[in-house]
Every structure is written in C-alpha cells, then in structure tokens.
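So the chains spell out like this:
Protein chains: 6
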Amino acid sequence: MSGTELGVVHTRIERADPNAVRDLSAFGVATIHEAMGRVGLMRPYLRPVYQGAKLCGPAVTVLLQPGDNWMLHVAAEQVQEGDVLVAGCTTESEDGFFGELLATSLRSRGCAGLVIDGGVRDVADLEKMDFPVFSRAINAKGTIKATLGSVNIPVVCANALVHPGDVIVADVDGVVVVPAASAPAVAAEAAKREANEEGKRAKFRSGTLGLDLYDMREPLARLGLRYED
Amino acid sequence: MSGTELGVVHTRIERADPNAVRDLSAFGVATIHEAMGRVGLMRPYLRPVYQGAKLCGPAVTVLLQPGDNWMLHVAAEQVQEGDVLVAGCTTESEDGFFGELLATSLRSRGCAGLVIDGGVRDVADLEKMDFPVFSRAINAKGTIKATLGSVNIPVVCANALVHPGDVIVADVDGVVVVPAASAPAVAAEAAKREANEEGKRAKFRSGTLGLDLYDMREPLARLGLRYED
Amino acid sequence: MSGTELGVVHTRIERADPNAVRDLSAFGVATIHEAMGRVGLMRPYLRPVYQGAKLCGPAVTVLLQPGDNWMLHVAAEQVQEGDVLVAGCTTESEDGFFGELLATSLRSRGCAGLVIDGGVRDVADLEKMDFPVFSRAINAKGTIKATLGSVNIPVVCANALVHPGDVIVADVDGVVVVPAASAPAVAAEAAKREANEEGKRAKFRSGTLGLDLYDMREPLARLGLRYED
Amino acid sequence: MSGTELGVVHTRIERADPNAVRDLSAFGVATIHEAMGRVGLMRPYLRPVYQGAKLCGPAVTVLLQPGDNWMLHVAAEQVQEGDVLVAGCTTESEDGFFGELLATSLRSRGCAGLVIDGGVRDVADLEKMDFPVFSRAINAKGTIKATLGSVNIPVVCANALVHPGDVIVADVDGVVVVPAASAPAVAAEAAKREANEEGKRAKFRSGTLGLDLYDMREPLARLGLRYED
Amino acid sequence: MSGTELGVVHTRIERADPNAVRDLSAFGVATIHEAMGRVGLMRPYLRPVYQGAKLCGPAVTVLLQPGDNWMLHVAAEQVQEGDVLVAGCTTESEDGFFGELLATSLRSRGCAGLVIDGGVRDVADLEKMDFPVFSRAINAKGTIKATLGSVNIPVVCANALVHPGDVIVADVDGVVVVPAASAPAVAAEAAKREANEEGKRAKFRSGTLGLDLYDMREPLARLGLRYED
Amino acid sequence: MSGTELGVVHTRIERADPNAVRDLSAFGVATIHEAMGRVGLMRPYLRPVYQGAKLCGPAVTVLLQPGDNWMLHVAAEQVQEGDVLVAGCTTESEDGFFGELLATSLRSRGCAGLVIDGGVRDVADLEKMDFPVFSRAINAKGTIKATLGSVNIPVVCANALVHPGDVIVADVDGVVVVPAASAPAVAAEAAKREANEEGKRAKFRSGTLGLDLYDMREPLARLGLRYED
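Chains as they are written, first to last, in the numbering used here: chain A, 1 to 229; chain B, 1 to 229; chain C, 1 to 229; chain D, 1 to 229; chain E, 1 to 229; chain F, 1 to 229.
Next comes chain A alone, as it looks inside the complex (with noise of 0.2 Å):
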C-alpha cells in the first residue's frame, strides 16, 4: 500500500476468526489492551453515547469526508452479521453522521454497533435500540453527500490503526482494535491474565498489600524510598 486511497470499496476482507471475536467478547477492553502489550487503543476522547454500551466483533472500516456521511451507506452494503462499523475521517469533524435511520439499516444487516471519530444525533432512540456508538461527540448537526472516501481501507481513527477485519472491542473503558492475525492469541492471554488476576484479587480483598503481593518494598528502598514519622 502507497498511502491512502480514496473512491474505493474493497468488497472481500479477510474478518478475524469467529471463535476468537466470540473469546475476546468475555473480556473487557483494559484486559484486552494489557493482553496485547499495551498497543491498539483508541484516543479516550471516543466515549460511548449511552450507559452500558458495548460491542465486540470484526470491523468494516470507513474512511469519511468532514461533514459528509455518503460512505456509511456504501459501507453498510458491506456489513455482515457480527461486525463493527469504524469510522474515521480526513478531517476533525463533530457533525451528526449518523443517527437512527442508519443504525436501523445496519441493525438489518446484523451490524454489532458503530465507532465513529466524529459525532451522532438520535441518541435516546440509539439507546433503545441498544444499538451501540462510539463517538468523539453528539450533535443534532446532519451531514451531506457529496464527496468519496473509501471502505475496507486500513484507516486510522482516533489515532489507532484499523485494517478491515481486525476485532474492534469497546466498552465504559474505551476501545481497543485487536489484529485479526492476533485475535486468538490476545484471546487466550486475557484469559490467562484473568485467571492471574482472580488469584490476586482474593489477596487482595483478605487485606494483603500491593507492596507485598508484587515485593516491591525492596526495590522502593533501592531507588532511596524512605519513611518517616
């Protein structure tokens, strides 16, 4: 790839293995990320748009125009049942791309739920439809159609790389995009770190200290850590 191509609509994409989306929906979006080495999350300024929302599945990525939602449409011919619409744009842009209509039509489709680095309007109706979004904003503000972007392209929204297929994770935490060649394995380390965790949490809840549980008053000391009364 020679940089980032506009007018197209990739219509194969090779989406992450279904049993490792439906492992990596166990777990939430800080183990996942830990999982990974710290890699793949998205700025936290994407917020979900109502209490509760989350969403796990492969992503179908848009590249959006500011201001402009004809994309979204193309992109939802594209959807298929489990996956995660992302969307990013050319530009910083708060406008309204998408609101109830859309998320009928890709709720139609199977659609798992939307991340957008820009906003949405018909919120409440989102909610009752617990159709998920991810957003940087909410705003009445409707979009036009005028100009192409692209879909199935590798797009970068919110500052984190997206390549179509790749499993999308969000929730009250944020939102992490696992590779797709990388699902199962990030799958099987959340695991592995939540049975570790579960073991610290019963020392934890008994009354013992980080301090011991991770021996780390003797480094403290080393680097001159001292106590006084």
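Just so you know, these hints were derived from the structure itself, not from any lab.
Predicted, not measured: the structure shown is a model, and the values here were computed from it.
Among the hints, a few may not be true.
As the list claims (entries may be wrong) - Below, computed lysine to any residue pairings styled on SDA-like, alpha-carbon distance capped at 20 Å:
#: 1; chain 1: E; residue 1: K128; chain 2: F; residue 2: E198
#: 2; chain 1: A; residue 1: K203; chain 2: C; residue 2: R109
#: 3; chain 1: E; residue 1: K54; chain 2: D; residue 2: D125
#: 4; chain 1: A; residue 1: K145; chain 2: B; residue 2: L223
#: 5; chain 1: A; residue 1: K145; chain 2: B; residue 2: R217
#: 6; chain 1: C; residue 1: K203; chain 2: B; residue 2: D125
#: 7; chain 1: F; residue 1: K200; chain 2: E; residue 2: G110
#: 8; chain 1: C; residue 1: K54; chain 2: A; residue 2: Q51
#: 9; chain 1: C; residue 1: K200; chain 2: C; residue 2: A188
#: 10; chain 1: F; residue 1: K128; chain 2: D; residue 2: L223
#: 11; chain 1: B; residue 1: K54; chain 2: B; residue 2: N19
#: 12; chain 1: D; residue 1: K200; chain 2: F; residue 2: G110
#: 13; chain 1: A; residue 1: K203; chain 2: C; residue 2: G110
#: 14; chain 1: C; residue 1: K200; chain 2: B; residue 2: D125
#: 15; chain 1: A; residue 1: K145; chain 2: B; residue 2: N196
#: 16; chain 1: F; residue 1: K128; chain 2: F; residue 2: R109
#: 17; chain 1: F; residue 1: K145; chain 2: B; residue 2: A146
#: 18; chain 1: E; residue 1: K128; chain 2: F; residue 2: S206
#: 19; chain 1: C; residue 1: K145; chain 2: A; residue 2: D215
#: 20; chain 1: F; residue 1: K145; chain 2: D; residue 2: L223
#: 21; chain 1: F; residue 1: K145; chain 2: D; residue 2: L209
#: 22; chain 1: D; residue 1: K128; chain 2: D; residue 2: G52
#: 23; chain 1: C; residue 1: K145; chain 2: A; residue 2: Q51
Said to hold, decoys possible - Footprint (simulated), chain F over chain B, 3 or more residues, beta carbon under 8 Å:
#: 24; segment: 60–68
#: 25; segment: 91–102
#: 26; segment: 141–153
Stated by the list, open to error - Label pairs and their calculated CB-CB ranges:
#: 27; chain 1: E; residue 1: G207; chain 2: D; residue 2: E5; range: 25 to 33 Å
#: 28; chain 1: B; residue 1: E14; chain 2: C; residue 2: R226; range: 52 to 60 Å
#: 29; chain 1: B; residue 1: P219; chain 2: A; residue 2: T11; range: 42 to 50 Å
#: 30; chain 1: A; residue 1: T11; chain 2: D; residue 2: G110; range: 52 to 60 Å
#: 31; chain 1: B; residue 1: E228; chain 2: F; residue 2: D229; range: 30 to 38 Å
#: 32; chain 1: D; residue 1: K128; chain 2: E; residue 2: A191; range: 17 to 25 Å
Where is the CB? At the ideal position from N, CA and C, for every residue including glycine.
Use these hints to put chains B, C, D, E and F onto chain A, whose structure you have.
Chains B, C, D, E and F alone, transformed into the frame defined by chain A:
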C-alpha cells in the same frame, strides 16, 4: 437594534404560538433542526445535566456577566408558565450561576427549564426535581451579584442567536432555536419529515439499503467509486 | 516546608476530627464550598466515573509521576478506615493509573474512595463495587512502576492544595477540600446555611421572587436597571 | 427577521460612516470594547494568523457550511474597498476555508482582511501579502463547494452577532464588533477614554498607586480587607 | 503486519527517492496535500515551535511510551543525512521528550528535524540552532528512560499513518505525509498545481472573481441562490 | 495554615536571597526544573504573551476572584524592585485582568513581570514596554472590582503552589517555582548541570550517540530490544 444594550428589562415579549410550541414538543432536536433547514443549532458543548432531561418552550432571554447571576433573579420575574430561560454570557464563564433554590423559584412560576452558556450546581437536586437544565459545565463555585446585564434582549447563547419568544427545544442531541414566527411552519415540516421517515424506517428494517432507497449507486459511480474484490 | 519532596512517605498524619467528618458527610459540595467562603474547590474537570458516586473522608495524599502508579501501592498501606486517597501528578497525565484490583485492595482497608488528577479504568467494576472515584479521564491504558513520588506530603490536585488529613468531600457538583482544623467550623456553618436555605426554599416555592426575598430592587435601580414595555 | 435564511445574497448593505471607521481604526480592541460598555467581543479563540495583523472596516458577512468555502467566492463580489469579510459557520469546522488565492482576489477588491470562525491556510503567503486574518485554526485541509450559505445576513461569529455594515476591529487582543449606528459615538467615547488614560498613565509612571488614584482604600477597608505584618 | 510490535528496531528502511524529496521541498504543505488528493495530513494541533520552522525529508519513525524518551536515543542511530524523525506515542503525553542536547546529537547526523506527537523543551535553543520541530506542546518537564517502544515500524502520529521512508513535509500550515512510492508523482502533481495556480493568481490580481473564473454562477443559481437588494 | 484565607494582605514576606535570584536568572526553566528534581513546574497552558518574554524574581502572590482584578491593585503596593507578581484565581477565568496601565504602575515600582492564571490585554503595549507576562489567555474583556481576595498568602497558580518570596523563573519553556529556602542550592545544582551538559554537548556535536554516552545498549538489550534488518 444597534447593538447589545446592558441594564434593560423588556417586560413585554411576543411568545411563539402555544399550539406551535405544543406541536414542536413532540419532536426531537435532530428532527426539528432538519425541519428548519439546518440552522439554529447551539454549539454541542451544551449538555443535559442529568439523563433524560428535555424541554420545549418559548424563551425568556437573559444576558449575564461572568461569575454574576444577578440577572437570573431579575429574569425570574419575567417568566410565565411554560417559558424556558435562556442565558448567554458576555464572556466565557463556567462558574455555578444556577442551583436548586433558583430552580425552586422558577418552578413555582411554571418555568419549563434552563439553557445556560455557563455552569450550574446542585445537580442531584435538579434531577430529583426533574428541572431540566442544559449547560456547558457543572461547577460548585457560586457567583456574585454586582453588575447589570439585561433581560429579554436578543442574546447569543452557545453561538446561536435567540430572540425573546423564540421556541427552545432541547434533548440529549442538543439545543435548537426556532424563531417564533417560524414555529408553526417548522412544526408542520417536522411532522412531514417524521411521516416520511416512518416509511424509510420500515424499508431499512426489511433490509433495503440506503444505496437503493436513495438511488445513490449511479451518482457514486459517476464520481468514480469503484468496487474491488 | 521548602518545596515538594520526592521519595518520602509520612506514616503519621493528623486526620480531621471524625465527628466533623461525619457532620460534613451530610452536606453537598456546593453547600460546603459556600460554608468555607468559596475557597478550596478543585477544578471542575474532575468528574465522578459513575452516576451517584460520592464520598467524604480525611485525605491520604499521594504525588504521582506521569503514567506511573507505583506510589498508589505505597499509599495503600497508609490508608485507614474511612480515608479518601487523593492523587496529584507532577504533570498532566490521563493514563489509567487505577482499576479494580487496586480498588479491591483499598476497599479491604476501608478506603472511602479516590480523587485523582489523572485517568482510571475498570469503570464498570468500580460501579459494581460502588467504589467512588473522581478523575479527569477514563482510560484503559495502564501505567508502569518506575519512579518515586511521595505519600502524605501536601499535594496540589486539580489546582487545589490538599494537606494529609484534610477532609475531602465529592459529589456530582465537584470536589472540595476542607482543612482539618476548619472541619468542625465548616460543618457548623454548613448546617446554618442549610437551615437558612430551608426558609428561603419555602418562600421560593410559594412564589416569592429573589428580587424581593433579597431586597434587590433598590440596588438594581440605583445601578440604573430600567424596565421597558 | 424570523431566523437565519440560507441561499440568499443581500447586495445592498448600510455600511458604517467612513469617518467613524477611520476614527475607530486609531484605537485598540481593548479600548473600543470598553468604549462600547463591554459588549460585542468575539470569543478569544480567534487569533491573528501572523504577528502584527490588525484590521478595521465595515463587515460583509457570510454564513458558511462546514468544510465548504463556496460562499466566500460569492461574498467576494459584494466586497468594496475597505470592507472586512466576516465568516460564521453553521457548525464547528476547522478546515482551511481560505488561502492565498482567495486573499489575492479579495485584495484586488480592496478588502481589509478576514475574520473567520474556522481554519485558514497559506499562512506564510498571507503574512508576505500582509493580508490580516483572524481565525480559530490554521489547517492545510482544503474545502469543497457543494452547499449554499448566505451573504450579508446577520451572522453569529465566535459567539458575537454581526450585522452587515457593522465595524469590525481586530488586533492581538481580539476582535470586536461595533454596530454601524453606534460607530461615531463609540469612536468618540474611545477618544475620551484614551485622553483620560493618558493622565492616569502619567500618574502610574510617577509611582502613584491605583489604590490612591481610584480611591480604593476606603471601600476595601469597608469590605473588611486587613493588613498584617 | 499484524499489529504494532514493541521492542524492535528496523535498521534497513526504503527511503523515498532523493530527487522526489528535493522536488517536494519546493512546495508548501497545503499544495502537497492537495496534490495527494487531500489525504495524509496530520491533525492541526501539531505546530512549529518557532516562527519560520519548516522541513522536508524521509521519515525515521519511532513509537514512544508516555513520558519516556528512551527510544529517541535508539532512533538517533538510525538517522541519516536529511532524515526527519517522526515520533508517535502510545497515549497522549505532553511532557518534554526532546530538547537541545538531543537536537545537537541529531544535527550531527544530518537530521532535518523532528515531528512529535508530544511536548518538547529548550525551544529558545532549538530556534537558535534552527532545528525545526513540530510538536503538540512546549513543556519543560523532562522524561524518563524505562520502557521499550520501537523504531522504524509504521506509526500513527497525530492521526496520520507514517511508514519509515515516507516523505514528511511541514511548515506553518501543518504536517503532511507523502508515501515513499508516491513521492515522485505527488511532486509532479504539485508542480502542475502551482503552474495552474499562477494563472489563476494573475486573474485574481486583475480583479476577476472566482465566481467567473470557476463558472460558479450557473450551479449556484441552479441550487437556488438568489440575490436581493 | 488551615486553608486559604480571603481578605488579608501580608505586608512582610521573606524574599529569597537576592544572590540566589541573580544566579538563577542565568538558567533556563528546563534546567532549573531538572535541578529541582522535576517538581515545581506550572502547567504548560501558561504561555508568554510575546516572543522573547522571560523573567526571574521573588514572588509577590495574589489570589484573584474570577473577572475581578481589584487585588492586583492591592498587590501593586506590596511589590518591590525585582519582584514577580504571581496571580492565582479561585476558579477558571480567562478575562483580561491586566493591561498596560497596571503594567505601567508595576514597572514604576520595579516589578519584573507577571505570571497569571487568567487572561491579559494590551499585549502590543506590553511588548513595546517589554513587560514580560505569562498568562493562560489573551482577552480584551475587562474586569470589575467587587470582591476581596488576598495578597501574599500561599497560592496555587496553574497547579503549582507558590509561597510569597519563592523565586519564579519563566521563559518560552514554561514557568517554574523555586522555594525561597532552596534557591541557593537549586542555583548551584543548575550550574553543575550546565557544566555537565557542556561536556555532553561537545560529544553529541562530534557524533557520539546517546546510546553510547549514557551506556544504554546493555539495559536496552536486557529488556529485549532487538535489531532487525
């Protein structure tokens, strides 16, 4: 009008037709904004201070000075049953201009709610009272009473011009201003849009794509959109 | 004190009188801030991470380094039943310094909650535990353990100075710091204000205007406010 | 006026008296804002795009759509010698609506400069041409020409209402709007203020304190200010 | 590539054709961005740290951890004459990752400048050295050296994807990324645009309006634009 | 101290040793911040209002109320030759608290400059006078004189605690606070650092890499950094 006048209270204003207000109250902000031709929207930094807040009513306007809520008390006397108080400020100020006592006073006069380009406090009480407020900040810092502003002059609030008597509609999607004279026409247009959307919604639900519903394939192809495997 | 000292843990602090803490816990932040003469408020960018979060207790303070939560573990050992952990940072950093495991550890020690000038994660778990946290961001990005800060030194958090033992009160309106020595007097003053407000509230409810209740008409007229039809 | 109208160009506007414009051009924005009684100031996020930029002239107004500069070309035809182009936008948009070619066009018509609630580009060229621009952003991203706005209607720009023909004064301190009808009186008042300030300046220079020059000691003492060793 | 890899340094990268780099250096960022079809622009929060800073060269990329500049030292070894160092960060961090000593080191290797999605310091020295830097903040706060990132992997910087060897062009209008393979074509297209603009410029200078030069009157009329006295 | 006291002016303060102030004035903010162990830095949103502004001197502190500059006049009387006025505010307020007249007054008393967590105006005049100011905003909006703050109490300014008499050093890199008692030691440490840096600078200039100068290769390898062709 030759500019903003300070130190004046207009006691007689032309409120929008109550029937139009009632009609408008049936629609969401996004629909009304579309029905107006996409003008009149306040900037999206105004947010409801509690979940589910919404309001619709004619505006009593007030121009505040920063960190000074004196004019809100002056404005309270001008409020009639169903009015929405709309407060602009001569500069950016996020202090808590408004709280539960003023809400109690306004409620006793039948006030429908507040839209303020500033901060408010006592938010838990406002929610308990279900007194809807849309503000740019939540802030416990109180204000003083030292400087004159004005009541029922045209004010700019969150970048939108509001004349006294204009209809203010606010919900989770934002805040829109409907000029009093346009209220009936906007309500009619909003009803038409909703009826029209119902048909579209049914089609989207049954799987029709926006590409087909809106006949987008041909113009997209003409602009050069191409599909690749 | 001749400046901020790094690498030290003060193990003995003077906590505010527990009776004063209990008394303060009956009031909202806005009331307490008024009772203090309108000082001691943290900047309003600190927000509760879930709806209904509130806390009141003496501060154990910690100074963090950016993206480094080591000192939170050190601080945990200094926390006693009812304490609030207050974390400042040497620079702006919105990473997720704190999550469910640390909350479990703090809860096991009776900690009343956390106020942090940084980010936190595992917010759904924090809500389930009802462990109140006030932060500047929600962020899945974890932190490292590499650099010394300090515990129980005076820290600046969200532009407010906090001494260990000061009472921290936080609710949806914000976060306020009551110096330990002033806690009883502030609680008494807050009670007086609330009693006073009850009388005003009744008058507002019955339709009395602030203009009359506070005798504002004369000073407003003196400044030149005029009424026009 | 019953709201903002899209798709219209008013070709005849009442410009402020040229003598008043000339008189106003002698004063800084802070002085003029004071002379107006502290109203009419745009929000301070508008900044000069190069050092030393300043302008003064009657407004030709334009309402833009986000990411669309078509109406700037329409507005150019309405500009006369000495006019300032003032551009509001129906939503927040920081794309580069304006650059060197449009500046060349406007300059050829005698345009005094641009104030825009959006982004601009070719800033190095604008500086070389000494074509003063005040904007909310600098951004290389260009715009499209797809949607109608309006020219010479009242527009809100950076939260200030501007009528065509009003005088716009801008310098490093910000941008202020002087209603056309008030321009002579404001210029006179500004001159009076400057004369008055010259006397104060001399006293300050010789060491007189504001405390004494403005007789502040007594009111401060009355409010309870006390001095301690 | 299946995601971002940490802890790796790629020592061999394909730099863009030096002739194309030289050709591109003749154009401004706005022109190049147009020549690329309006993609590849970094977010406009990146700003030059001193007036007149500009740069053009192939990218050596580095992925930093927040508040940690260790990888900049690792990257320095990979820099060749004329290269631009481009630094992304795994999270938002505005500390001072870079100052005069590192600039001296990079300069000794012929480095053309730095683009960093973070903060820098010693700005007065950078200006004296005329070492161009584009950053999101100026901040005296130094960083630590504790955690691995990577060098010469694809990085996202200010929301733009950069591959090692891509050409980075930056000036007062912003920062644009030209994929290495496209550099010659983009340079050619930029030259064509500039030639084309020269003709337009002459016409604008002589008073021709964009309305006529671009034949806009007819499409505007078709959309319904109307002129009123 | 049991909290922030309003309505008091302390007329006697302990200024830092003048020799230490003079010594500190030879160093940049970044160097001094390092010499202090990386504490005491104000938040980087404080910026010089003109290019080249810098200052160094003992602090006279003032706590302002929002939109109210009365206490600056009170503070002026407490300023001695070489002092820096440092102004915090009880809340966020970006109005123009300070302009050319107050600068003239302060200059006549030998004041070295102003650091203010608020806005200022008359910036062109301040530059002409070369009266250095570091502020969070430039804003033509003036302030009132209605409410008491305090002078020469400890204030928090841009998240840093300042005691009267502390040394304030500010330049393009930011603003740092050196506690009075530490000033001589910090100046000595800064000198040591600069001497040390001179040696490093020479090595960097001759092409030595930080990797070798700081012996980083081994710890990087130990953490697992690997090089690939």
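Do the hints match the structure? See the list:
no.	hint	in the structure
1	K128/E x E198/F	holds, 16 Å
2	K203/A x R109/C	holds, 12 Å
3	K54/E x D125/D	holds, 14 Å
4	K145/A x L223/B	holds, 12 Å
5	K145/A x R217/B	holds, 12 Å
6	K203/C x D125/B	holds, 17 Å
7	K200/F x G110/E	holds, 18 Å
8	K54/C x Q51/A	holds, 19 Å
9	K200/C x A188/C	holds, 19 Å
10	K128/F x L223/D	violated, 37 Å
11	K54/B x N19/B	holds, 18 Å
12	K200/D x G110/F	holds, 18 Å
13	K203/A x G110/C	holds, 15 Å
14	K200/C x D125/B	holds, 15 Å
15	K145/A x N196/B	holds, 19 Å
16	K128/F x R109/F	holds, 18 Å
17	K145/F x A146/B	holds, 9 Å
18	K128/E x S206/F	holds, 19 Å
19	K145/C x D215/A	holds, 12 Å
20	K145/F x L223/D	holds, 12 Å
21	K145/F x L209/D	holds, 15 Å
22	K128/D x G52/D	holds, 12 Å
23	K145/C x Q51/A	violated, 32 Å
24	60–68	holds (count 4)
25	91–102	holds (count 5)
26	141–153	holds (count 4)
27	G207/E x E5/D: 25 to 33 Å	holds, 29 Å
28	E14/B x R226/C: 52 to 60 Å	violated, 20 Å
29	P219/B x T11/A: 42 to 50 Å	violated, 19 Å
30	T11/A x G110/D: 52 to 60 Å	holds, 54 Å
31	E228/B x D229/F: 30 to 38 Å	holds, 33 Å
32	K128/D x A191/E: 17 to 25 Å	holds, 21 Å
Checked against the numbered hints given earlier, the structure breaks hints 10, 23, 28 and 29 and satisfies all the rest.
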